[in-house]
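Participant: Sequence:
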Amino acid sequence: MIDLKKFKYFTISALAFGTWRIGGGYWYSSHGKDNQWKEAIRTAIENGITTLDTAEMYGNGHAEELIGEVIKDFHRDELFIISKVWPNHASFDDTIKSAKESSRRLGTYIDLYLLHFPSRVPICDTIRAFEKLVDDGVIRYYGVSNFDYPKIQKIYECSRKYEISAVENHYSLISREDEKDVIPFIKKNNLLYLAYTPLENGIFNNNTFLDSIGKKYEKSAIQVALNWYISINNLIPIVKASSKEHVIEDAKSMGWRLSNEDWNAIDQHFKTKNYFIHKIESRVKSLRPWSS
Numbered sequence: 001m002i003d004l005k006k007f008k009y010f011t012i013s014a015l016a017f018g019t020w021r022i023g024g025g026y027w028y029s030s031h032g033k034d035n036q037w038k039e040a041i042r043t044a045i046e047n048g049i050t051t052l053d054t055a056e057m058y059g060n061g062h063a064e065e066l067i068g069e070v071i072k073d074f075h076r077d078e079l080f081i082i083s084k085v086w087p088n089h090a091s092f093d094d095t096i097k098s099a100k101e102s103s104r105r106l107g108t109y110i111d112l113y114l115l116h117f118p119s120r121v122p123i124c125d126t127i128r129a130f131e132k133l134v135d136d137g138v139i140r141y142y143g144v145s146n147f148d149y150p151k152i153q154k155i156y157e158c159s160r161k162y163e164i165s166a167v168e169n170h171y172s173l174i175s176r177e178d179e180k181d182v183i184p185f186i187k188k189n190n191l192l193y194l195a196y197t198p199l200e201n202g203i204f205n206n207n208t209f210l211d212s213i214g215k216k217y218e219k220s221a222i223q224v225a226l227n228w229y230i231s232i233n234n235l236i237p238i239v240k241a242s243s244k245e246h247v248i249e250d251a252k253s254m255g256w257r258l259s260n261e262d263w264n265a266i267d268q269h270f271k272t273k274n275y276f277i278h279k280i281e282s283r284v285k286s287l288r289p290w291s292s
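Numbered by the working numbering, the letters in the sequence shown go through residues 1 to 292 in order.
Hints in this document: simulated from the structure, not taken from any laboratory.
Glycine included, C-beta positions come from ideal geometry on N, C-alpha and C.
Check before you lean on any hint, since a few could be wrong.
[Unchecked claim] In silico lysine to aspartate or glutamate, DMTMM-like type, Cα no more than 20 Å apart, as pairs:
#  : residue 1 : residue 2
1  : Lys-154   : Glu-131
2  : Lys-154   : Asp-181
3  : Lys-187   : Asp-267
4  : Lys-252   : Asp-3
5  : Lys-273   : Glu-261
6  : Lys-216   : Asp-267
7  : Lys-252   : Asp-211
8  : Lys-97    : Glu-65
9  : Lys-132   : Glu-101
10 : Lys-151   : Glu-163
11 : Lys-180   : Asp-267
12 : Lys-187   : Glu-163
[Unchecked claim] Taking CB as the label site, the calculated pair distances span:
#  : residue 1 : residue 2 : range
13 : Arg-160   : Lys-72    : 22 to 28 Å
14 : Ile-2     : Gln-268   : 38 to 44 Å
15 : Lys-100   : Asn-206   : 43 to 49 Å
16 : Asp-77    : Asp-267   : 32 to 38 Å
17 : Asp-267   : Glu-163   : 28 to 34 Å
18 : Tyr-26    : Leu-4     : 29 to 35 Å
19 : Asp-77    : His-31    : 28 to 34 Å
20 : Lys-33    : Arg-160   : 40 to 46 Å
21 : Ser-259   : Cys-124   : 42 to 48 Å
22 : Ala-265   : Lys-97    : 47 to 53 Å
Please put together the full structure from these sequences, using the hints given.
Facilitator: Quick look at the structure:
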């Protein structure tokens, strides 16, 4: 399913495949499901999800290794690979080292390199490293993750050669804090916004409102929710799936669009209804090991 969005001078898939808890977890690796995980990554690419999101922390680098193994069978220029440096490694020298190690594990350059979280290291030191990595061909663009609006503004004071290109934050139909300032800033400056946990750990699966709209399009509640995000300019939702079947279901959210009427109805429904308990449920689920 081909569904593309413009980024800089080329196009990338309208949906990104996330690899958190693939290859292990928080700074630890696991190899027991490698074949299943590689099949999920391969299925994503084969079904048009060619934007791949990873990080050095995911599986202590093993997620990057798994991506590196899979992408050998695909044309590199059809893929868009995102990775991240951990805040403890955000000094100039450590950022350079981390990026090169991620590139080695991936077996290729990194299209978009992000600072995973704000760091105690002065942000300008990290930005200097990012700019050198661009010059050296290790990365193509840089950005940040989990940054609020004031912190994003600070980055512009540091940039000397290349400006920030993207922000990756938590955003969903029930977690919309970034609509206040971050997303308007993204649109105004033509940056890329990557939304992680857009499905809130499965709490939309049986949502009756989304399901009722989905019947018009012969789509599931999940596919409707993902298409709502895809329909927003400059925004790409990141999905996670460890099985081939789940990947294919997510991919079917691409290649079509909600009508303006239905998009607005979804927008207003989740703005006006109280989903506080669902937000708590999603947060609790995010703290559990991913077993699906």
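Participant: Decide, hint by hint, whether the structure agrees.
Facilitator: A quick look at each hint next to the structure:
1. Lys-154 with Glu-131: 16 Å, holds
2. Lys-154 with Asp-181: 14 Å, holds
3. Lys-187 with Asp-267: With a Cα-Cα distance of about 18 Å, the restraint between Lys-187 and Asp-267 holds, given a limit of 20 Å.
4. Lys-252 with Asp-3: 10 Å, holds
5. Lys-273 with Glu-261: 18 Å, holds
6. Lys-216 with Asp-267: Measuring from Cα to Cα gives roughly 17 Å; hence the hint holds.
7. Lys-252 with Asp-211: Measuring from Cα to Cα gives roughly 15 Å; hence the hint holds.
8. Lys-97 with Glu-65: Given that 20 Å is the threshold and the Cα spacing comes to 17 Å, the pair holds.
9. Lys-132 with Glu-101: Measuring from Cα to Cα gives roughly 15 Å; hence the hint holds.
10. Lys-151 with Glu-163: 14 Å, holds
11. Lys-180 with Asp-267: 15 Å, holds
12. Lys-187 with Glu-163: 15 Å, holds
13. Arg-160 with Lys-72: 22 to 28 Å: 36 Å, violated
14. Ile-2 with Gln-268: 38 to 44 Å: With Cβ atoms ~31 Å apart, the hint is violated.
15. Lys-100 with Asn-206: 43 to 49 Å: About 45 Å separates the Cβ atoms of Lys-100 and Asn-206, which means 43 to 49 Å holds.
16. Asp-77 with Asp-267: 32 to 38 Å: With Cβ atoms ~35 Å apart, the hint holds.
17. Asp-267 with Glu-163: 28 to 34 Å: Holds: the Cβ-Cβ distance is about 30 Å, inside 28 to 34 Å.
18. Tyr-26 with Leu-4: 29 to 35 Å: 33 Å, holds
19. Asp-77 with His-31: 28 to 34 Å: Cβ of Asp-77 to Cβ of His-31: about 30 Å, so the range 28 to 34 Å holds.
20. Lys-33 with Arg-160: 40 to 46 Å: Check passed, 43 Å falls within 40 to 46 Å.
21. Ser-259 with Cys-124: 42 to 48 Å: 46 Å, holds
22. Ala-265 with Lys-97: 47 to 53 Å: Given about 49 Å between the Cβ atoms, the range holds.
The structure does not agree with the numbered hints 13 and 14 stated previously, though it agrees with the rest.
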